[in-house]
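**Student:** For the protein sequence lines, the chains are G and H, in the order given.
Residues 1 to 232 (the numbering used here) are what the first sequence spells out, left to right.
Residues 1 to 460 (the numbering used here) are what the second sequence spells out, left to right.
Just so you know, the hints here were simulated from the structure itself, not pulled from any lab data.
Errors might be hidden in some of the hints.
Coverage of chain G stretches by chain H, computed from C-beta distances (three or more under 8 Å per stretch; other residues unrestricted) [stated by the list, open to error]:
no. : stretch
1   : 66-72
2   : 91-105
3   : 125-134
4   : 207-213
By construction, the Cβ of each residue, glycine as well, lies at the ideal position given by its N, Cα and C atoms.
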Amino acid sequence: MTTAEILSRARQEKRKVLTEIEAKQILGEAGITCTSTVLAASKEKAVSVSEELGYPVVLKVSSVDITHKSDSGGVKVNLKNRAEVEAAYDTIMTSCRAYAPGAYIEGVSVQPMARPGTEIIVGMIRDKSFGPVLMFGLGGVFVEVLKDVAFRIVPLEESDAADMIDEIQGKKLLEGYRGKEPADKKRLQKMLVQLSDFVNTTPGIEEIDMNPVFAYSDGAMVVDARIILSEE
Amino acid sequence: MMELFFKPKSVAIVGASGSPGKLGYVIVNNIANSDFAGQVYPVNPKSDEILGYKVYKSITEIPGEVDLVITALPTPKMTVATVEECAKKGVKAIIIESAGFAEMGGDGKVYQQQIVDIAKKNNIRVMGPNCSGIVSRGIVTSIYPMTKKVPQGNVVLIGQSGLLAAGMASDIVENESLNISKVCSIGNKCDVNENDLLEYFGDEDGVDVISMYLETITDGRNLTRIAKKVAAKKPVIFLSGGRTEAGAKAAMSHTGSIASNAKIVDAAVKQTGMIMADDFTELKDFAKVFSTQPLPKGNRVAVITLAGSVGVNVSDLCASHGLELPKLTPETTEKLKDMFDTPVSNPIDLYFSVTKIGFTKTLETTFPEAFRDANIDAAVLILAGFEYTQEAVQKKIIQKIVQEVGKPLVVCMIVGYNKYKHVIMDEMGKDLPVFPSLISGVKALSKLCEYGIRRQKLSR
């Protein structure tokens, strides 16, 4: 489905929250690299998709009614074979049904386990006065505890994206701190500009989280994404 | 369209009064005392003549065209009726100074909306309500009595609060502390807002510095676009009040829970290259530095002092404000070797030179030699209020050196305020940025350097 189709379907269904699969499809269309993520509506499908993508894989509950996938026990990572995928599927279904009894669960999303990289968060929020605003920061504890992030107003130029990356306190961690793989800053810049261009030309989007994004020395990949639509 | 506010050929004052002390009198008197050379039409159904001007019963009764109408009326209802009348007369610019509109909520909001509707329909631009309009040499619409002529300077101040903007304008004009050209207060901004003025002054020749205070940002997206364009040509100093740190309550994303109004405004300031002021004094002080000093090419600063301990403190402040204190070149060091007991370092302690050749001579020779050094982009000069400081100040030696060297300088005064504040702060402060504390001077200079470096980058 195209971005326009996904957005109009969500509107028809009176949904404000897009599924992870929908969000990644939209971001992918905007040119942003995301982990391939496929919906599996059954256990059998989950296995066949896993074999196609290659182990290890991650299974996440896919439900428009469950927004906190981890809290509901809806995420299982590093599944190395068929047996583990089957077991994970059952566990996810059981715990999610218990967590949200009335929820409509369309199945699970299956995605290859991404190679670990430097954890980044990229996001967007629509401000009443300033319009769309982008956020960049290091993921995990850096964003949660230290709130070490930078903001810029859309539309962003290349130099704005470079300034954002340069503004965070923990920027040294992007340069290959203690023998770690340095982050591909050029690619992160490009990702910010692509996101800016996308939200600048696509009305109706209220908030976006790309969290985490894994940054590598040769590229960057969105591992999880969430898109919230504006009130009509 | 904005020209009608700043360069009208005719102006009507609705609510004009012949009783000194009344706002409607002050406005007419301020216009009379300004350089305004066009037609002045006071409007008041109960008077015949105010300050020598013929008074009209209503706007529609005025014979000629009216470029600008200023209203100072007791009730919002009367104001709405006047705007209606302006539409009939074909007036295209109105300044509404009266309060009692959206800032009061309730009916006030309704009245303000009525004004907006009439204005939109008839293509009228409205400044205010709840503002004091314009203070300039060409026209003064403010409700604050002006005691001197407004300078024809290169600084523009844009403020939201009427009383504050008018009060600041009055102080600045009286003390000659800033070379202003215009002060505008836009109040409730029902129509004309900061973006209109920023764009207008951005394009106006002769305006070199824009200082702006906002309580609310009407259209941040447009502000970002315009400020980026304007700040690439001239400094825009910005003070934003009422910023909040709270994230959006209803946010469903991580991003939304972290983003706050304060962070977004900060981002806009960085992105556009505006200069953030933290209070009203800085709004004025930064404008002073930017309007009187050339832009530095970098952040390498010479600290010039007569007391070692002060120099140490200033070095620390420079470091925490992103300024560097480089060594002087070997050539300068060699040239100045007789004026220092040990090879010259930075902070540059002039004490030895002063004991050898006296204070005035030191300022005339040793100081400019160091200031001119190729490693130096700007300087902080620390002056103490002593008897011997007076001569140098009176001879305007420092002003001459700044002019000749062509690099920016800020002066910080330390000790001696009781006796010499007038000489150093007030007298020298007319020409140069003089600060009553080390930190305020260093901070202002750091802003100038930051902006100078940004402009260098943009020109590449």
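**Student:** Hint by hint, note whether the structure agrees.
**Tutor:** A quick look at each hint next to the structure:
no.: 1; hint: 66-72; in the structure: violated (count 1)
no.: 2; hint: 91-105; in the structure: violated (count 0)
no.: 3; hint: 125-134; in the structure: holds (count 6)
no.: 4; hint: 207-213; in the structure: holds (count 4)
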